[in-house]
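The listed protein sequences correspond, in order, to chains A and B. The first sequence maps to residues 0 to 256 in numbering that gives the first Met the number 0. The second sequence maps to residues 0 to 289 in numbering that gives the first Met the number 0.
Rather than coming from a laboratory, the hints here were simulated on the basis of the structure. Among the clues, some could well be false.
[Claimed, not checked] Quick list of in silico lysine-lysine cross-link-like pairs, DSSO-like style, CA-CA up to 30 angstroms:
no. : chain 1 : residue 1 : chain 2 : residue 2
1   : A       : K231      : B       : K114
2   : A       : K16       : A       : K102
3   : A       : K16       : A       : K109
4   : B       : K262      : A       : K2
5   : A       : K109      : A       : K21
6   : B       : K22       : B       : K37
[Said to hold, decoys possible] Some chain A residues judged to face chain B by a derived CB distance under 8 angstroms, without partners named:
no. : residue
7   : L26
8   : S55
9   : A174
10  : L230
11  : R247
C-beta: ideal position from N, C-alpha, C; glycine also.
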Amino acid sequence: MLKVDNLNVVFGHGADKNHAVKEVSFLVNRGESFGLVGESGSGKSTVLNCISGLLSNWYGSIEVDGAPLSHKRPISFYHKVQMVFQDPYGSLHPRHTIDATLKEPIAIHKLGDANQRVERVLSEVGLGPQFRFRYPHQLSGGQRQRVAVARALILEPEIVLLDEPTSALDVSIQAEVLNLLQEIRRERSLTYVLVSHDLAVVSHMCDTISVMNQGETVEIINREQLQTGELKESYTRQLLVASRGYDRQAIDQFQDF
Amino acid sequence: MNEPMNETLLRVKNLSVSFPSPKGEVTAVKNVSLAMGKEKIGIVGESGSGKSVTGRAILRLLPSYARIEADQIVYQGHDLQRCSEKEMRRIRGMGISMVMQDPKYSLNPVRTVGKQISEAYTIHHQVSKDEAKVQTLKMLEAVRIRNPEQVYRLYPHEVSGGMGQRIMIAMMLIPDPGLLIADEPTSALDVTVQLQVLAILDDLVSERGMGLIFISHDLELVSSFCDRIIIMYGGRIMEIIEAAKLQNSRHPYTRGLLNCLPKIDGDRTQLPVLERDDAWLGDDNHNLTG
Ligand SMILES: Nc1ncnc2c1ncn2[C@@H]1O[C@H](COP(=O)(O)OP(=O)(O)O)[C@@H](O)[C@H]1O
Ligand SMILES: Nc1ncnc2c1ncn2[C@@H]1O[C@H](COP(=O)(O)OP(=O)(O)O)[C@@H](O)[C@H]1O
Ligand SMILES: [Mg+2]
Ligand SMILES: [Mg+2]
């Protein structure tokens with residue numbers, strides 16, 4: 000469904016040159032939930048931004064359903080691929096009601112049935128009709144993230160790119176949003192690419208996981224490997240140890256990668 | 000388990016804090032009591048549960064419009080509610096220090112980190128400039144900064160997140176306080192750096208025989224790092240529990256927090272959703288925040 004091959008991104012020039020994504024390759028099958036995990040600055044968001052079309056300074060190849068993507072995306076692309084961002088505060092227009100936010104893509108894509116579509120998608124993300132004419136500041140963080148998910152779903156995409164969708168939320172709200180994402184994926188047979196710095200979140204949500212460090216793919220693993228600890232790379236093993244909490248002795252063994 | 004194992008450093012009895020708001024008083028903290036010795040105690044809760052307000056109320060760092068009431072806030076025999084502002088300044092430093100989440104708010108952007116740390120020392124110790132610098136370099140080494148001379152001359156924006164937090168710890172520990180309140184000191188850092196910074200803090204706290212109040216939203220981290228845990232919800236203490244016994248907690252809120260976390264070994268079924276109960280907030284649960 001989605002194939003990324005030798006993807007590279009370089010920001011800046013000369014002394015400021017930053018090769019942020021280096022030869023990254025992975026394959027995501029239809030209906031699969033694929034994870035990208037790594038520490039901050041490892042290039043996870045940059046990879047998603049290349050796929051979604053937000054960034055165009057990449058080279059390499061990205062294919063959706065066998066068709067290579069160019070830097071500029073046709074409008075039809077957004078019926079296939081949509082993205083949800085970490086920060087529900089920053090990604091919603093503060094002076095637009097939820098209704099207006101959700102109707103915007105319907106108008107751009109000339110879909111019609113706007114009211115019905117908005118009602119349907121709001122109920123799908125667990126927000127009652129009373130939320131429809133509210134503004135973002137009248138919602139809690141978890142409710143805002145539900146709106147962001149609704150906005151991604153309204154064009155009925157096949158692939159949803161999720162960039163740290165629960166990192167800004169309290170754990171109890173995170174649980175609700177993760178449950179919602181799993182339910183929607185099942186019902187709509189969606190394909191996910193989920194970015195997170197949290198191994199437990201990717202392990203809960205994803206079958207196959209690419210571990211990134213400093214722009215490079217460290218290894219691609221499946222979730223059973225996280226459970227058994229049978230990992231090839233010491234970087235991944237260290238991440239796994241760190242995810243288990245504070246262990247004074249273990250910390251002395253940490254290396255810089 | 001409401002009493003510390005060793006001599007009591009800090010005792011707080013029935014601390015309540017409220018803020019005026021257009022809709023009336025908002026209670027941020029209600030009837031919080033704790034007693035601690037030279038131990039690591041964690042305060043855990045979701046955002047808005049009153050963790051930071053509790054820490055700041057102890058040190059009288061809240062804005063003047065905050066209404067603070069307590070039967071007792073005593074640090075090593077000093078009644079902190081009755082101390083003059085001058086006595087309080089002495090206590091904030093040599094007595095109790097506080098490290099915040101983001102060093103950018105606590106460090107002065109236009110002064111070198113070295114100057115700021117050595118000033119934190121000279122406020123409380125009458126020594127020459129040279130001696131203060133020697134102590135500062137020693138402290139930078141103690142927080143495992145490999146090139147202290149070089150870091151001494153840097154400005155806050157020139158250091159990474161992990162180094163910034165180590166500098167903050169150096170600055171807060173150089174006056175040699177008896178108790179450190181660390182409010183989400185590592186929440187903005189990557190997990191491995193976070194653990195490395197905590198290890199430094201842990202070593203210093205035990206070498207110097209200090210007490211530590213570690214404020215965090217991360218229950219798993221706190222339970223692996225601290226001796227005892229205070230669980231807060233809606234400004235109230237739900238329970239105080241030994242970290243080693245956390246998994247056996249019977250309190251429904253604590254259980255809810257533990258269960259809603261995704262787990263690497265989990266079976267990927269629906270995560271249990273936390274059901275909140277107004278009964279946890281006692282009889283006056285109007286005016287509730289969080
Ligand atoms: N728009 C941009 N312009 C310049 N540099 C960028 C931009 N976006 C990301 N970077 C840099 O690329 C690297 C990878 O960043 P990012 O993909 O955001 O990492 P992650 O999402 O894993 O935290 C970092 O060094 C970051 O500073
Ligand atoms: N300076 C303030 N003025 C008014 N309300 C405040 C102030 N500081 C905190 N609060 C409120 O007190 C409650 C507890 O806040 P806080 O202790 O910061 O929570 P946390 O557990 O996230 O640290 C929140 O509802 C918050 O909005
Ligand atoms: Mg990112
Ligand atoms: Mg706080």
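Status of each hint after checking the structure:
Taking the CA atoms of K231(A) and K114(B), the gap is near 46 angstroms; set against the 30 angstroms cutoff, the hint is violated. Our distance criterion of 30 angstroms between C-alpha atoms is broken by K16(A) and K102(A), whose separation comes to about 40 angstroms. The suggested pairing of K16(A) with K109(A) is violated, with an alpha-carbon distance near 42 angstroms, which exceeds 30 angstroms. Between K262(B) and K2(A) the CA atoms are separated by roughly 29 angstroms; this keeps the pair inside 30 angstroms, and the hint holds.
Distance restraint check for K109(A) and K21(A): the Cα-Cα separation of roughly 38 angstroms exceeds the 30 angstroms cut-off, and the hinted pair is therefore not satisfied. Taken as a hint, the K22(B) and K37(B) pair is broken in the structure, with Cα atoms around 41 angstroms apart against an allowance of 30 angstroms. At a threshold of 8 angstroms, the smallest CB-CB gap from L26(A) to chain B is about 22 angstroms, leaving the interface hint violated. For the restraint placing S55(A) at the interface with chain B, the shortest Cβ-Cβ distance is roughly 29 angstroms, beyond the 8 angstroms limit, so the hint is violated.
A cut of 8 angstroms between beta carbons decides the hint on A174(A): the least distance to chain B is about 4 angstroms, and the hint holds. With 8 angstroms as the threshold, the beta carbon of L230(A) stays out of range of chain B, its nearest partner Cβ sitting at about 12 angstroms, so the hint is violated. Interface hint status for R247(A): upheld, as the beta-carbon distance to the closest one in chain B is roughly 6 angstroms, under 8 angstroms.
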